[in-house]
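Q: Take a look at the letters that make up each chain.
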Amino acid sequence: MNWKLPNQLTVARIALAVLFFVLLGLYQADQPRPGLLIAAFVVFVIAGVTDFLDGYLARKMKLVSAFGRIADPFVDKVLVVGAFAMLAGSNFMCPRSAGTGGLESTLPYWLTGGMLSIVQSWMVVAVLAREFVVSAIRGYSESCGRKFPATYPGKIKMIVQLVAIGTVLVQMAVVRDATWAVCLKIGMIWLAVIVTILSGLAYVNKARKLLVSEIT
Amino acid sequence: MLKKAIVTGLGTGYLPVAQGTWGSAAVAGIFLLTAILTGCDLLITTAVMAVLAAAASVGCVALGRFAEQTFGKKDPEKCTADEWAGQAVALLLAPISPGESHGKTLLVVSIAFLAFRVFDVVKPPPARLLERLPHGWGVLADDLTAGAYALISVQLLRLLL
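For the protein sequence lines, the chains are A and B, in the order given. In terms of the numbering used here, the first sequence has 332 at position 1, counting the first letter as 1, and numbering is strictly consecutive. In terms of the numbering used here, the second sequence has 83 at position 68, counting the first letter as 1, and numbering is strictly consecutive.
So that you can see chain B by itself, here it is in the shape it has in the complex (with noise of 0.2 Å):
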């Protein structure tokens, strides 16, 4: 029962249509009601997404086999623990500051998800190599590459906002 929660990212692998999309928008939300409870904290918003991907990571690694013999395929659908590694990746050091307005929190959010569902589709080089890593290695891998990319692009908000 825990092994099938970590895998499926808290149930949003169950969700109907575009699970992965799902398991991003969790972490988004987590991230959105952790910057407004805590005023835009830097730190605390990129401690929380840091441990959010270490935890998904290792989730998804320990647990990729299971997943396989589970869903019957390598990185199948209702496992959204590669998603929400790859959205937390995106988020951190995520370029809010203390009081600004939540629409402006709300924005870079938004770019975040958008950056990290692109990158998770379109899958750029290296990331679609990375898929054929064995079992969890390779389920985590492209959506890891996919956070990295979005984290670069939300980066360089910086040069915008």
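Chain A with its partners taken away, still in its complex shape (with noise of 0.2 Å):
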């Protein structure tokens, strides 16, 4: 493997990504413990700017490599979906003992799921989905000699996803009782599910041509 910085980079990511899912892993909406999602921030933040500089430092420095290529990716989405699983998990239901639960446990269990993160199974299984899509298309089109690069939406997609999750950690940590930081975190959720379903939908319309063309 090319050891140079930008891949340096990018293995740190791998790392950071398993620290990130511990600390999440560790946290208990029952017995909660603020300082773990703060640290869990705090190395999400980390990742995201290893992400920024691995492959703006491998175009900078001509450091492009294969394994750039395919773990910049991979790691990012790793991280991306990992965190929703995490937060999807039971760690983080609303307590259900009498006050415990927060504004979160009075709002409608569609819109939370009954969730402090409001991050759903369902939503985990959209997020899953539409990457499993996206690589698929991608990958027979590059094999048919078509390149099939990011688009916009799909940067989009990856900023919201990104801050949406980091919401999510600051508000359960930093200002957990306050209504409009519990309304933003749900919109915040809710959009980058939202923005995912419909650039995942986007690829496949762009893919369209191709897809048909097979079909026939």
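A couple of the hints might just be wrong.
[Said to hold, decoys possible] The calculated lysine-lysine pairs, modelled on DSS-like cross-linking and capped at a C-alpha distance of 27 Å, are:
{"id": "1", "chain 1": "B", "residue 1": "138", "chain 2": "A", "residue 2": "391"}
{"id": "2", "chain 1": "B", "residue 1": "88", "chain 2": "B", "residue 2": "18"}
{"id": "3", "chain 1": "B", "residue 1": "88", "chain 2": "A", "residue 2": "335"}
Simulated from the structure, these hints should not be mistaken for lab results.
Starting from two chains that each stand alone, build the complex the way the hints lay out.
A: And the structure:
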């Protein structure tokens, strides 16, 4: 493997992702430790910085490698999908004891799924499905010799997802009971899921000609 | 005069022996003072450290060539603005809480200071490679990386405290 600087940053992001998941896994909604979420947020932000830096430095220093082209998007997906999966875990469910569930426990079930993180299992499925379909289309398209670069909807989706995850962590850690913060959290998570689905549909639409031509 | 003051971390670069350590100690001192004056307010201490990190980083990059020309080499010992930036990063969102004892705050600051010094000296990957970036970027990037490592180490204290 080419052990140049950009690849070191990509490998560092893998380690940061593992640490991030461990911190999220240790959190328990019925015995909240805001410090864990703050630590997770810090690790998440550093991972995001390495995500920007590895591609930027690879292009700037002309050190683009096969490892980087494979590992960079892979680690991005693991980080985002993994974050959604961890936030949908039972340790983020609204506590059942009276008076401890917070504002989230008083809102309609379809909106929150009974989750302090607002991330519901079906949302994880939607995020995963989008990644699968785009990877499948991209893989087949490039095997046919047709490049399928990232699109603006895809980049916007990534940014919205990252901001949504960050919002959940900060809200749960720092502004736990503020109504405006809970509403912002709900809005960001739902926006991330909707943008994810729409960007997936945009990719499918873009690949429409490719898909149709192969059928006939 | 002002440029020299910035690159030498308000003169800490002129102190004898281990100038980088003096630069880090200055930031740790500012954090401690802010924490004591605000009753360990997390947002205020983080804001102060963020401003310090940003200002020192900008100073380092903008005055990198000036520092090289003034002191005759890349990343001269007297240039401690990079240590200011890295140490400030290590103290972002430090695990302190309002009303806690000064002893605990001092413990957190001490660990952040030691962690940053260790990572700044050892320079684990990719810090050493980042030093090769040109001018001010190369001077700054390895310290910011050490700061990031120290920041993560300090955050993991939350599992113990």
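Q: Run every hint past the structure and note whether it holds.
A: Taking the hints in turn, this is what the structure says about them:
| no. | hint | verdict |
| --- | --- | --- |
| 1 | B/138 <-> A/391 | 23 Å, holds |
| 2 | B/88 <-> B/18 | 16 Å, holds |
| 3 | B/88 <-> A/335 | 25 Å, holds |
No hint from the list above goes unmet by this structure.
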